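Construct the entire structure; sequences and hints are all you get.
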Amino acid sequence: METFQFFYKNRRFLGFGLACTLASNFGQTFFIALFGDHIRTTFNLGHAEFGGVYSSATLISAVIILWAGRLIDRVDLRLYTALIFIGLALSAGTMAFAQTLMGLGAALVGLRLFGQGLLRHTAVVSQARYFSKTRGRAMSLVSLGFPIAEATFPALLLMVLAFMNWREAWGWMSVYILLFHLPLVLWLLKGHGERHKALEEKLAREGQTDTLSSRTIATDWRFQMIVPASLMGPFMMTGLFFHQLAIAEAKGWSFELIAASFPAFAAATVISSLATGNLVDRFGPGRILPFFVWPQVAALMVLASTSHPLSVPLYLALGGLTTGASTVLLSASWAETFGVRHLGKIRSLTSSLAVMSTAVSPLWAGWLLDNGWAVESIAIGAAMITTSTGLLVMIPARALRKSRLP
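Convert by adding 56 to the 1-based position in the sequence shown; the result is the number in my numbering.
FYI, nobody ran anything at the bench for these hints, they're computed from the structure. Computed from a prediction, not measured in an experiment: that's the story for all the values here. Some hints here could point you the wrong way.
[Said to hold, decoys possible] FRET-style restraints, in silico, Cβ to Cβ:
hint	residue 1	residue 2	range
1	Ala207	Leu127	30 to 38 Å
2	Ala89	Ala455	39 to 47 Å
3	Gly247	Phe339	25 to 33 Å
4	Gly249	Gln155	41 to 49 Å
5	Phe153	Ser269	35 to 43 Å
6	Leu313	Leu242	27 to 35 Å
7	Phe153	Ala455	30 to 38 Å
8	Trp228	Trp123	30 to 38 Å
9	Ala211	Ala306	39 to 47 Å
Glycine included, every Cβ here is placed at the ideal spot set by N, Cα and C.
This is the structure in structure tokens:
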């Protein structure tokens with residue numbers, strides 16, 4: 057009941073964050089992959105060639121995020137958001153009309169940059185910055201846009217493709233983003249000027265200055281100890297998801313079993329996100345941070361130890377617990393470690409690293425599989441790496457518990 061009251065009281069700004077996370081899924085891997093066969097056929101690409109183009113586009117977007125992500129600290133949120141949605145619409149339009157491989161690459165860079173990168177970044181930074189004591193709850197609620205989209209977008213797209221071809225679908229998505237989603241988020245930000253003025257006055261009283269450089273952040277021992285753990289979720293789960301058919305074949309699982317087990321991942325992500333948000337608000341991120349990677353370690357050990365059909369939803373659910381907790385917990389940790397004034401700069405660094413990790417992990421896992429590594433051996437090695445990051449993060453977590461910013 058308390059969560060519903062919180063949402064109703066802050067419905068416009070939380071709605072803004074939720075609208076951003078929903079729209080970010082136009083640039084997420086799961087959504088673009090739904091067009092994979094159409095794109096490969098149209099541009100005469102093999103699986104490896106399309107994967108190479110996609111990974112290259114992802115890496116380029118990660119580099120740009122380093123610069124574009126920090127602008128949210130200086131540019132009015134309304135203008136920043138509008139420019140991102142315009143960029144996303146133009147990228148969807150480019151996908152609709154691309155005739156060359158260069159055009160396809162440009163469209164993919166834009167979709168990954170404005171969708172998967174900057175809209176997610178905007179949603180998380182805005183909630184973490186303008187909420188304080190209820191920061192965790194706010195981020196957990198807006199993060200629901202990801203599982204909602206994962207559950208609904210594929211079915212909606214199938215219905216759309218029954219009436220038009222894939223290029224027309226991207227064209228109409230471009231129109232939808234410009235004529236509906238952009239006006240919606242700007243309407244939800246009505247009155248934001250007063251909210252931002254109140255925040256600036258609060259930061260001035262607290263003495264949070266605008267002098268923290270990217271170099272200072274990157275060389276801070278707390279940042280260096282938290283980042284490895286923060287990358288394990290996207291790195292490991294992307295590698296597993298990208299090669300899920302190869303893993304299923306090695307384990308003797310059917311495609312239908314894999315598909316039927318994914319709701320366990322989505323459900324665990326939602327539950328973990330909401331629970332983590334409330335725990336962060338109640339106890340602070342320092343008390344929760346030491347525990348968030350261990351469900352993923354358990355997921356990898358399940359994958360390594362058994363091929364029983366029930367292990368599929370179990371390992372996916374365990375992975376979902378870490379995925380759901382990470383966005384809320386890590387952003388709250390950055391806010392309490394460095395303050396909210398520099399959140400854009402901090403998350404531009406972490407987002408860029410996370411995007412790079414998701415580009416590298418399919419290549420890493422694919423190389424191991426191609427060179428004869430068993431799925432079980434890969435999972436054990438991944439569990440050992442994740443365990444080491446979980447032990448490392450305990451040190452900054454202790455420092456967070458000792459000194460909390462309001």
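Status of each hint after checking the structure:
1. Ala207 x Leu127: 30 to 38 Å: holds, 32 Å
2. Ala89 x Ala455: 39 to 47 Å: holds, 40 Å
3. Gly247 x Phe339: 25 to 33 Å: 32 Å Cβ-Cβ, so the 25 to 33 Å window holds.
4. Gly249 x Gln155: 41 to 49 Å: holds, 44 Å
5. Phe153 x Ser269: 35 to 43 Å: 41 Å Cβ-Cβ, so the 35 to 43 Å window holds.
6. Leu313 x Leu242: 27 to 35 Å: violated, 44 Å
7. Phe153 x Ala455: 30 to 38 Å: violated, 52 Å
8. Trp228 x Trp123: 30 to 38 Å: holds, 31 Å
9. Ala211 x Ala306: 39 to 47 Å: With Cβ atoms ~29 Å apart, the hint is violated.
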